[in-house]
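2 protein chains.
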Amino acid sequence: MLEEPEVLAPDPDPDDAYALDIKSVQQVRQAVEEGDREQLIALMEPLHPADIADLLEQIEPGDRRRFVALYGREFDGDILSELDETIREEMIGLLSPQVLAEAVRDLDSDDVVDLLEDLDPEQRDAILGALGASDRAAVQQSLTYPEYSAGRLMQREVVMAPEHWTVGEAIDYLRASDDLPEQFYHIFLVDPKLRPVGKVALGKLMGSSRAVALRTIASDDFRIIPVLQDEGDVAYAFNQYHLISAPVVDETERLVGVITIDDAMAVLEEENEEDILRLAGVSEEASLSDTVLETLRGRATWLFVNLLTAIFASFVISLFSDTIDSMVALAVLMPIVASMGGNAGTQTMTVAVRSIATRDLTGSNALRIVRREIVVGALNGALFGFIMALVAGVWFGVPMLAVVIGSAMLLTQIAAAFGGIAIPLILERLKIDPALASGPFVTTVTDVVGFFAFLGLAAAVLL
Amino acid sequence: MLEEPEVLAPDPDPDDAYALDIKSVQQVRQAVEEGDREQLIALMEPLHPADIADLLEQIEPGDRRRFVALYGREFDGDILSELDETIREEMIGLLSPQVLAEAVRDLDSDDVVDLLEDLDPEQRDAILGALGASDRAAVQQSLTYPEYSAGRLMQREVVMAPEHWTVGEAIDYLRASDDLPEQFYHIFLVDPKLRPVGKVALGKLMGSSRAVALRTIASDDFRIIPVLQDEGDVAYAFNQYHLISAPVVDETERLVGVITIDDAMAVLEEENEEDILRLAGVSEEASLSDTVLETLRGRATWLFVNLLTAIFASFVISLFSDTIDSMVALAVLMPIVASMGGNAGTQTMTVAVRSIATRDLTGSNALRIVRREIVVGALNGALFGFIMALVAGVWFGVPMLAVVIGSAMLLTQIAAAFGGIAIPLILERLKIDPALASGPFVTTVTDVVGFFAFLGLAAAVLL
Chain V
1 MLEEPEVLAP DPDPDDAYAL DIKSVQQVRQ AVEEGDREQL IALMEPLHPA
51 DIADLLEQIE PGDRRRFVAL YGREFDGDIL SELDETIREE MIGLLSPQVL
101 AEAVRDLDSD DVVDLLEDLD PEQRDAILGA LGASDRAAVQ QSLTYPEYSA
151 GRLMQREVVM APEHWTVGEA IDYLRASDDL PEQFYHIFLV DPKLRPVGKV
201 ALGKLMGSSR AVALRTIASD DFRIIPVLQD EGDVAYAFNQ YHLISAPVVD
251 ETERLVGVIT IDDAMAVLEE ENEEDILRLA GVSEEASLSD TVLETLRGRA
301 TWLFVNLLTA IFASFVISLF SDTIDSMVAL AVLMPIVASM GGNAGTQTMT
351 VAVRSIATRD LTGSNALRIV RREIVVGALN GALFGFIMAL VAGVWFGVPM
401 LAVVIGSAML LTQIAAAFGG IAIPLILERL KIDPALASGP FVTTVTDVVG
451 FFAFLGLAAA VLL
Chain H
1 MLEEPEVLAP DPDPDDAYAL DIKSVQQVRQ AVEEGDREQL IALMEPLHPA
51 DIADLLEQIE PGDRRRFVAL YGREFDGDIL SELDETIREE MIGLLSPQVL
101 AEAVRDLDSD DVVDLLEDLD PEQRDAILGA LGASDRAAVQ QSLTYPEYSA
151 GRLMQREVVM APEHWTVGEA IDYLRASDDL PEQFYHIFLV DPKLRPVGKV
201 ALGKLMGSSR AVALRTIASD DFRIIPVLQD EGDVAYAFNQ YHLISAPVVD
251 ETERLVGVIT IDDAMAVLEE ENEEDILRLA GVSEEASLSD TVLETLRGRA
301 TWLFVNLLTA IFASFVISLF SDTIDSMVAL AVLMPIVASM GGNAGTQTMT
351 VAVRSIATRD LTGSNALRIV RREIVVGALN GALFGFIMAL VAGVWFGVPM
401 LAVVIGSAML LTQIAAAFGG IAIPLILERL KIDPALASGP FVTTVTDVVG
451 FFAFLGLAAA VLL
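Line by line, the protein sequences give chains V and H. Residue numbers for the first sequence follow UniProt numbering, so the first one is 1 and each next one is one higher. Residue numbers for the second sequence follow UniProt numbering, so the first one is 1 and each next one is one higher.
Excised from the complex, chain V in its bound form (with noise of 0.2 angstroms):
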């Protein structure tokens, strides 16, 4: 069917081109509360299930429950796909089996699947009841295969075609079938033993006359994937070689699957979600529907984590008590080394976390960059050092107290470099992930220097 096109103008505020907007939302709820069945589906209609997912994100738990008594049958089960976790589950609960059970019937079995995982085995049963019996029998091969696979990721739904055929066979052969995937942008050629040997892409296929050997138009970066892959790295082969689809070999190399450049992408952005929140302390499952129970474990772990490496720089701090009591203004200044080699710190362990994560940091360039980050480490030690001894020095008038803060920041400022290159490397050898566990051992790192130095400098010069 042909709809109106939606245009989006240029907007002058250019982060909401496609943000929900309050009023909308407000519409939503009012009817909602009103129980006005054909405003709220007047209301829905236009939107996509990722925007009624995001909108049902928004809304209160209550609206949500009403919500759904007064949606009914016209729940989709694409909503449930986009939908966070913990609301997901929450909406599962609320749902009528038969609303439930038609909801799922038409989605794609790899969605179903990414639907199934994090359920209870209740809630898994409920849905599977509700497969026809060839979806049911899918669903549960993919079940088979390891979280964050390939295999987990792909379609079962592939098209492909003895690799001896041309064009003209190939389109009658499609032409035929009435069960061609929603989407598809590849013929995949196979041997007799169902192997992938090439990919032919449907656009050249089009543009190709029907006498060509199929084998003659395909596609030069053809990669196949194998079943039991990582998702991690399914999705860097897409973004690295600009894959649109791949196919997936199980273990004796037969044909099983077809993974997209849709779901790469939707792995990707996930992972790049994981590192960002590891990288500041937050458990990665966080997302603004968790409960307030939920939210407090997901920061809590760090923090404690957080609370030993603290409560260990102070003690640092304490074995240097004297030293404090016969000069203040050494406590006054202390925090200035350490934040500024925390910082530093974070700097360098953030774009070597990265680096790692798109394979831009290896074993061939490590200990230039090494080299490098200490070099760059060395000179803001100099630049901040050389400030912050004016700026004591000023302060306090104690010219020795200048050269000791100094000569602290660019100690610190070097080791800050160096554990926020050397930590992550070390932990990805040891098969840690660093964005999750760099962190606190920077932060470590950064204090007790920063302490050593600021305070055993003072306790050896100035006393």
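Please note that the accuracy of each hint is not assured.
A pair holds if it fits inside one copy or across any two, identical chains being indistinguishable in the list.
Said to hold, decoys possible - Cut-off 20 angstroms, straight-line C-alpha distance, at most; resulting in silico cross-link-like pairs (EDC-like, lysine to aspartate or glutamate):
hint, residue 1, residue 2
1, Lys23, Asp360
2, Lys193, Asp84
3, Lys193, Glu163
4, Lys23, Glu60
5, Lys431, Asp230
6, Lys431, Asp360
Calculated directly from the structure, the hints in this document are not laboratory data.
Following the hints, position chain H against chain V.
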């Protein structure tokens, strides 16, 4: 051409599935140093341009120079497209004009535009001069659109059909055209004024019989991108609505180009990278190929801002010099309060900045989320305040000190939660990038509140 498929065995170390291994990088280095052209070409032959680009980024400048001299005419335009900006400029300076001309002539118009954007005028003219007249005109037209707009991102090669055509007419037309784009996934339906009114997926086209009207098999996820739309919004739309390709229209609503998902994926990846680095206080142009001086500049700005906030925090401490003087335990413990506040603030801020970027945090739910964060902050404050009170009580044996640090922790955690979410929201409202600017403000809030609460309470209660 049908090539040997590259089967990627499931790797025991999943992160290395696609990384260049050290051994092959060393082989290339060796070939380059020995001036062995045949060996170099043989080593490059199986590699994707993206991998060659990564390799060039990993070897030293001297080796890059030798590589270019040796590789000569084999140097492909796609390698340039895949390179980091810094290295790209370096390579363009190294390539002979003939090789450069040949390299860019094979590129799509959008890739040439992407190359030109970051070059100085001289290099720009050299590349434009190498193009044929019609390609040059297309590229120059694209360059008239603002940077980071849909106009810069789109390809000008579009496949379109009158809206009243049938499947048969479309197929005959495609068969007859000899300049179809390399990759296309939809045919755009246009009205007599060349305004796009729908799109037909190629797979759908192939699966329908010749008499079917195109408009009856048009996709229902049809969205039009205005040529001036920000590329970040374009990427958001592709991600949110699972688009594969979308038509771009000019101010008169005429179809002028098409954006495909791989371009959108690249933008999304870039924006995420920018956000991650900005959150850590690193200038967004950072890459591992930057020189020491570029790196220094990218880091020093934020360190300088941090120095100012740290000095400000020190000033707060100095107000309580006498208090610290009379109880040195305060100097030992005060960094713990500030550090815990800083970490909690960073957690909340990161979640807030990301939720704003993904349009999950909007005017409709801001108040509710702020409330939730404050509750979480208060609970974290109570929890860690209690733990720290115990630790401080046992460590220093002063019960009132335990009460003071516990209360200060509670206050600081609440302030961190409030600042962590309110500051990004306010910056967003003021049209300042929250990823870039939130950090210093949040740190200032947590440091100042932390030191003030702890030392102020101590001054009031203990002395």
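For each hint, the structure was consulted:
no.: 1; hint: Lys23 <-> Asp360; in the structure: between (45 angstroms within a copy, 16 angstroms between copies)
no.: 2; hint: Lys193 <-> Asp84; in the structure: neither (41 angstroms within a copy, 42 angstroms between copies)
no.: 3; hint: Lys193 <-> Glu163; in the structure: within (11 angstroms within a copy, 43 angstroms between copies)
no.: 4; hint: Lys23 <-> Glu60; in the structure: within (16 angstroms within a copy, 56 angstroms between copies)
no.: 5; hint: Lys431 <-> Asp230; in the structure: within (15 angstroms within a copy, 39 angstroms between copies)
no.: 6; hint: Lys431 <-> Asp360; in the structure: within (17 angstroms within a copy, 33 angstroms between copies)
The structure does not agree with numbered hint 2 stated previously, though it agrees with all others.
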